[in-house]
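Undergrad: The lines below spell out each chain.
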Amino acid sequence: MNSAENFLQNKQLAKQANNEPLPPGQEQAQPLQQLLTRPDIWQLASGQGRSRTGISTGYRGLDALLTGHGWPRAASTELLIDKAGIGEMSLILPTLAELTRQGQMVILVNPPLIPYAPALVQAGVQLEKLLVLHPRGQRDQLWAAEQSLQSGACGALIQWQGKETPADKDLRRLQVAARDGDCLHFHFRPGSCVKTPSPAALRLQLKSDGEQLALHLFKQLSGKSGQRVHLARNPDLVRRDQPLH
Amino acid sequence: MLWLCIQLPKLPLEALTRAHRAGDSTPLAVAQSSLIIEANQAANSQNVEPGLSIATACAYCAGLQLLERDAEREEQLLQQLAQWAYSFTPVVSPRSAEREHNQPDNQFACLYLEISGCLKAHHGLRPLLQQLGKELRKMRISHFMGLGHSPSAAHLLSQLPEHRQWLAETKHAPTPQQWRQWISFAPSKLLDCNHKAIAKLYASGIKRVSQLLAIPLSEVGSRFGRNFISYLAQLNGTRPDPVPSFEPPAEFHNELFFPSPLDNSEQLLFPAGRLIRELCRQLQRRQLYSQQLCWVLDYGSRGQQQVNVEVSRPLLDPQRLIALTKLQFERVELKEPVQALTLKCQQLQPIENQNLREDFFDEGSKLNESYQLIDKLKARLGHQALSGVTLKESYLPEQAWQNADSLTLQSKAKGHHLTPVRAPRPNWLLPRPDRIQQRDHKLFYDGELHLLQGPERIDGYWWQQRRHARDYYIARGSHGSLYWVFQDLTSESWFLHGVYS
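If you read the sequences in order, they're chains S and F.
In case it helps, our numbering puts the first sequence at residues 1 to 245.
In case it helps, our numbering puts the second sequence at residues 1001 to 1501.
One should not assume that every hint holds.
[To be verified] Pair by pair, the computed Cβ-Cβ distance ranges are:
#, chain 1, residue 1, chain 2, residue 2, range
1, F, 1126, S, 139, 54 to 62 Å
2, S, 60, F, 1310, 38 to 46 Å
3, F, 1316, S, 195, 47 to 55 Å
[Stated by the list, open to error] Pairs of lysine-lysine, DSBU-like flavour, derived with a Cα cap of 30 Å:
#, chain 1, residue 1, chain 2, residue 2
4, F, 1326, S, 169
5, S, 169, S, 83
6, S, 169, S, 207
7, F, 1442, S, 207
8, F, 1344, F, 1326
9, S, 219, S, 169
10, S, 163, F, 1376
11, S, 83, S, 195
12, S, 163, S, 195
13, F, 1376, F, 1326
14, F, 1200, F, 1189
15, S, 169, F, 1376
16, S, 219, S, 163
17, S, 83, F, 1442
18, F, 1120, F, 1171
If you are wondering where the hints come from, they were derived from the structure by calculation, not from laboratory data.
Note that beta-carbon positions come from the ideal geometry of N, C-alpha and C, so glycine has one too.
Excised from the complex, chain S in its bound form:
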């Protein structure tokens, strides 16, 4: 929300308080309610009153920790990860599958390896809605991501950071683009980016504790952070059935 909107809202509130003497009761509480629904005001106490505005992650344990009971809508989510193969895609695949089933486009920008179609279909992704982009160079990559996020035509955009670290200004632009286009934005970045601040609405650090995927809620806009949650991997994968070797 920018400062102009802020200003207008404040003005409206002031007007209501001064000019229109409302009968005491629930109407008095309305401006406050209005104020509290703003996303940039952080309410620590009222745990129950939180609206379920997020898009469900498909994991109940993780949903419970997130403010909107799911991935923050129209915002950037940073996933900090050092080692591929610990279940990072399975974390977001249920959401992507749901989006493609609803007919929304999902765009992958610079995936590190080939997205393997049979596995995606197994996860329920509609392949016709999946678009893979391989822009060359940092500039084209950021441009493609920003355009796609802004367009309002795509439901989610998953981006992998290349060799260069995008500047803070670029990250902010992506965040704003995601807000404008009402698009989920997942940004996979290396774990070394933990130290640098980022405008993302949610930052998760992904690690493996050997068996499970360990999530560390690093930053959450208008919500608590610092929690950890462990998510089990698909039992089909980790089942031990004594291989021959």
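Once you've looked at the hints, dock chain F against the given chain S.
TA: Leaving out everything else, chain F in the frame of chain S:
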């Protein structure tokens, strides 16, 4: 039926000198086989007239500039004019100039327009004629017009000064009675037949068409032949008078030439916008669309460069097309100054109803947005940077998927539906299997690997030279990552093929 005949008497000259400035006063003449065909105003004032021999003309006017007649250009200009006329009415027929040997043109090039169907759209006859005249003057094409109930009548009457004067003042189309009066009043030298026949008519004392019509037809037939009879019938409107209908070409081709070459791709945008607007106007008129805009940047003698802009949906909005073109031109590095810019659209396709209908609903507009996005991405990143993925039927894991054209994105998969195997497959596949280190019966890939599951044997193409026999396992790395590894049964070495991310 109401036919308008637009005669273009100075077409040979205008085809060559249209690019000249308006106030040019050099005497010019177009010549063909030692005869003057056409001369401009400045030459006319010095007695240079069509039909003179070149020697006589040069004697009259010493500074006369002679131009060779270019029939090809003339034809091109006539086609352009036909296309222009097509924007008024769908029934247009161009007719090029005819010429008998060693004579100046007795038949000028002309255009036939059937205008009874478009009177309402142009608020009546008079505004339509004014509009036509105004646009022709703007194009600096000299012309005179005639109106008739058939093309041949219109052609005859266009040469009659009284009719032309009436046409300049009229508000309504004349009655059949009036047609007949005019035609019979016309002198017989205006009839559309060869010189011999006209000389014969005058020799027998027939000076007006009325005299000719008074003679019984069989008599006329025995003297002038069957063709003459049928021409008279067409003139009267008792026999249909077919003319070849103009069919605009199913492609767009236009070129802009820059007198001073452009060396900056940004400068190209302005002429490109002009070409695109012209294209859009033409496409809209004919309800067509193009899937590809093909730009040719001409470097003169140093070759040319082609830039393609792909459009996935019917798009008639010039602004969007210009935006797409801009994205493409930004990527282009001009090797040399550009001398001419050409826009070609070779395959124009009709817009179908279904394409447009869905735009009015939510689903459709969303679809449209994504098509616009794809076009934009394609324009800047190039065709090869976009892809989709689809399933393919194969036993081999690396062949069970393929790149899909991103254009098929939105359409639902039709017909045969493929289902993948039930066994767990990795989300990521390596472009080519990566070798795994093997020491003392242990596997190392970024730390030691522990096999969790397996084997799943995939043995394909044993009937061919290259046999693929593999035992696939799921393995866990030392950092907790899950990998899809296989042992090649022929070479017994281990490879990493996928990552369960």
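Undergrad: Honestly, which of those hints from before does the structure not fit?
TA: none
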